[in-house]
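Hints given; two lone chains; assemble the complex.
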Amino acid sequence: QKEVEQDPGPLSVPEGAIVSLNCTYSNSAFQYFMWYRQYSRKGPELLMYTYSSGNKEDGRFTAQVDKSSKYISLFIRDSQPSDSATYLCAMSAYSNTGKLIFGQGTTLQVKP
Amino acid sequence: SAVISQKPSRDICQRGTSLTIQCQVDSQVTMMFWYRQQPGQSLTLIATANQGSEATYESGFVIDKFPISRPNLTFSTLTVSNLSPEDSSIYLCSASGQANEKLFFGSGTQLSVL
Numbered sequence: 001q002k003e004v005e006q007d008p009g010p011l012s013v014p015e016g017a018i019v020s021l022n023c024t025y026s027n028s029a030f031q032y033f034m035w036y037r038q039y040s041r042k043g044p045e046l047l048m049y050t051y052s053s054g055n056k057e058d059g060r061f062t063a064q065v066d067k068s069s070k071y072i073s074l075f076i077r078d079s080q081p082s083d084s085a086t087y088l089c090a091m092s093a094y095s096n097t098g099k100l101i102f103g104q105g106t107t108l109q110v111k112p
Numbered sequence: 001s002a003v004i005s006q007k008p009s010r011d012i013c014q015r016g017t018s019l020t021i022q023c024q025v026d027s028q029v030t031m032m033f034w035y036r037q038q039p040g041q042s043l044t045l046i047a048t049a050n051q052g053s054e055a056t057y058e059s060g061f062v063i064d065k066f067p068i069s070r071p072n073l074t075f076s077t078l079t080v081s082n083l084s085p086e087d088s089s090i091y092l093c094s095a096s097g098q099a100n101e102k103l104f105f106g107s108g109t110q111l112s113v114l
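Line by line, the protein sequences give chains L and R. Read in order, the letters of the first sequence are residues 1 to 112 in the numbering used here. Read in order, the letters of the second sequence are residues 1 to 114 in the numbering used here.
Excised from the complex, chain R in its bound form (with noise of 0.2 Å):
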């Protein structure tokens, strides 16, 4: 399996402000992935990071306020823009194998907005 950095792994950021969020994969991998978990809810995917295209959004998530970015197989960045108190979250890397079904998950970014 491929093991995933993301960091910060933490923040407390200011109304208005952005925060960006790296995600590193130890192996080259064919897809990532970006996805919030809100306090008591399910994972939801925000967004599929292509490699040198824009990121394939879901419904619900607009590039302006979350622009993705993956330059190479291995890294990508999330950005959460013009944040206000609900964006407070996780915000989840995750990213499968060249052939391999599996979606494994990054330790996470817990953002509190304030």
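Looking at chain L on its own, in the form it has when it is part of the complex (with noise of 0.2 Å):
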């Protein structure tokens, strides 16, 4: 069983849906959890940064930490053709690591 779960998709939504990506994990010990944006041919792209369980929000975007149920979402509002990439949920028990462990990645295509 892999630490951290995540289903490649692809999810393909309209112009302006909400959109809904999830990771479930296996390791108690993780409390920082991120989520990377990747398009075609790029890095990842740093677009969440959370410690622990709750929300965090930031623009169209809104990241949610559920430790008791070690699973973590998250959502975009109103999406646009731009966010179509593959976004890939990141998590370590320790800040200060490079040492993340990564999903398989979500691919996402938003059509106008």
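Bear in mind the hints are in silico, worked out from the structure with no lab data behind them. Values in this document were obtained by computation on a predicted structure and should not be read as measured data. You can take every hint at face value.
In silico SDA-like links for lysine to any residue, alpha-carbon gap of 25 Å or less:
#1 L:Lys2 / L:Thr107
#2 L:Lys99 / R:Lys65
#3 L:Lys42 / R:Pro67
#4 L:Lys99 / R:Gly60
#5 L:Lys2 / R:Val62
#6 R:Lys102 / L:Thr107
#7 R:Lys102 / L:Gln64
#8 R:Lys7 / L:Arg41
#9 L:Lys2 / R:Thr56
#10 R:Lys102 / L:Ser40
#11 L:Lys42 / R:Gln28
In silico negatives: residues of chain L with every beta carbon more than 10 Å from chain R:
#12 Ser26
#13 Ala29
#14 Gln64
Beta carbons are placed, not taken as given, at the ideal position from N, Cα and C, and that holds for glycine.
Here it is in structure tokens:
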């Protein structure tokens, strides 16, 4: 069993839809949770960074962490064609570490 | 956030040869790392590049296959040695700044081995 599970999709939605992306994990020691966006032939770009449980909002993006269920989510409101990319969840037990455990990534396509 | 430049962006290599990837960060960073992204799989940490000393390798990765250098706080190289088709992958350099927990990535090197 992988430490982090993420449905690879692809997920296709119409423009303006609310998108929900999710990851589950097995290691209860994880405390730091991230979402990265990766466009084709580009490196991952950090979107959201959260510590422990709770919600964090940044513009159209909301990250949720439920440590009791070992489940994290990223919501995208008013999705745009420019949001079409692969979204990677990542997590770590420690801060100041480059050792992140990544999900496989979910490919999202937002159709105009 | 730090800007991380990698080169080459892509290369096609013959079996048995080696490829060296360069990573340059636009500011001094505490930590630099190398990841591999195989097709359809998660990003996997290869090693931590330590300035002035030997890199720290993750389980399943060895120095003979992936020698790494980090001569200063802004530059690192990863060599993928004795290439085989199984090494075809994207290799990514990443870094985090001083007292900064967030990890940033370069644009990656797409390696294809024939």
